[in-house]
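Asker: Could you build the full structure based on these sequences and the hints that come with them?
If you're matching positions, the sequence shown starts at 39 in the numbering used here and goes up one per residue.
If you're looking for bench data, these hints aren't it; they were derived computationally from the structure.
Keep in mind that a hint or two might mislead.
[Stated by the list, open to error] Here are the computed lysine to aspartate or glutamate pairs in the EDC-like style, where the Cα-Cα straight-line distance is at most 20 Å:
no., residue 1, residue 2
1, 158, 168
2, 413, 226
3, 340, 284
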Amino acid sequence: MKFSFIVDFIFLAAGIIIFIPCLVFFLECLGAFILSSPRLNLENINPQESFKDIAGTSRPITTILIPAHNEAEQIINVIEVLQTQITEQDRVIVIADNCHDLTAELARSTGVEVLEREHKTDRGKGYALDYAMQQIQTDPPEVLVILDGDCIVEPDTIKNITSSAIATGRPVQATYLMEQPDHPSLKDNISMFSIKVKNQVRLLGLNRLGWHSLLTGSGMAFPWSLINQVSLAGSKTTDDMQLTVDLVLAGSTPVFCENARVMGRLMKDRDAQSQRSRWEHGHLEMIGQEVPRLLKAFLTTKNWAALGLALDILIPPLSLLVMTWIASMIVVWLVIIFTDVSVVPAVIVTIAGGFLLTGVLLAWVKFGRTDLPFKNLIAIPFYILGKIPIYLNFLVKPQSRWLKTERDLPNNH
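Answerer: Have a look at this one:
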């Protein structure tokens with residue numbers, strides 16, 4: 039009797055652990071699918087109201103930091119597109135960080151400021167940004183924008199995110215998506231859809247529900263008085279997620295600017311595999327380290343934004359969430375069939391799967407059909423299977439910090 043109770047409890051707890059991220063994922067996708075304006079506001083902030091009068095708002099003095107590591111191939115195009123959106127009072131600073139190519143020279147040829155940094159151990163975007171922050175302390179802007187060295191800004195993006203940062207007094211995140219390669223593979227199509235779900239659909243849903251936003255790494259704007267209080271130095275590839283946590287705990291919840299967009303570059307082959315491993319291992323590390331911290335903050339201070347962010351971070355990478363749900367379904371139903379364990383955990387896991395699959399379907403119907411045609415949906419199971427080594431490697435050798443890739447090689451010019 040006692041043993042049966044313990045087994046029931048374990049399976050029930052496992053079912054709830056699966057159920058919560060699936061439910062939150064579904065609510066985010068549903069919010070993006072059906073809502074056109076915020077319906078719930080946990081902090082008396084209405085991001086949409088802040089963005090309505092952006093066109094009539096004077097531009098704040100802005101400094102745009104562009105951390106670039108071996109980006110010679112596209113840095114000129116990135117800067118030239120950006121220069122169409124800046125004013126005479128703005129500064130554009132490229133940080134050529136541990137570069138072995140012509141990034142610095144090419145960036146300098148466009149007329150922008152260039153900082154060159156070389157460090158054997160302190161590698162990564164966070165250290166590059168921290169170095170630049172130290173250089174502009176004597177002449178700070180009103181708003182600081184961070185843009186990756188391979189990102190193209192779409193029209194009015196800089197105006198919208200900087201004006202929004204001043205209007206709300208909070209960090210602002212633009213939509214950060216990936217451009218489709220010239221000859222995309224099925225894996226590329228699925229990767230782009232997955233990124234769109236994470237960086238657009240879910241953030242849009244959170245925004246329309248009136249909750250927080252996550253910072254996603256590029257196309258971010260910060261009031262100087264806010265960003266100057268935090269340290270950007272670090273080697274984690276989830277520095278943007280860590281920064282979100284730190285800001286939320288400090289009472290400065292990021293908001294999502296729907297009418298701003300930056301387009302990054304989808305890496306190929308080995309670089310892409312390494313990048314995905316870093317991102318996903320880093321996310322799993324954040325779940326273990328930061329979710330308990332956020333939940334503690336909610337329980338002790340009633341910081342609702344901390345609870346919302348904890349629930350959002352608790353959603354693992356989509357492929358892993360699907361794999362975990364499938365494995366749970368198989369295990370729990372087999373145990374129920376061959377033992378007298380309660381059927382309740384199986385019902386919970388089954389309902390969780392309904393939420394998960396419905397959320398994916400809603401996201402695909404409204405946002406993903408151009409990136410992932412219906413005929414390519416059959417490839418999704420194979421894509422998920424291809425992710426298994428990434429998650430197995432996390433158990434053996436977690437990779438959550440910046441490591442060398444093909445772009446790091448000195449001869450890669």
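Asker: Hinted pair, alpha-carbon criterion (20 Å max): residue 413, residue 226. Please report holds or violated.
Answerer: holds (15 Å)
Asker: Within a Cα-Cα threshold of 20 Å, do residue 158 and residue 168 meet the stated pairing?
Answerer: With a Cα-Cα distance of about 16 Å, the restraint between residue 158 and residue 168 holds, given a limit of 20 Å.
Asker: Given the hinted pair residue 340 and residue 284, is their alpha-carbon gap at most 20 Å?
Answerer: holds (16 Å)
Of the numbered hints given earlier, the model fails none.
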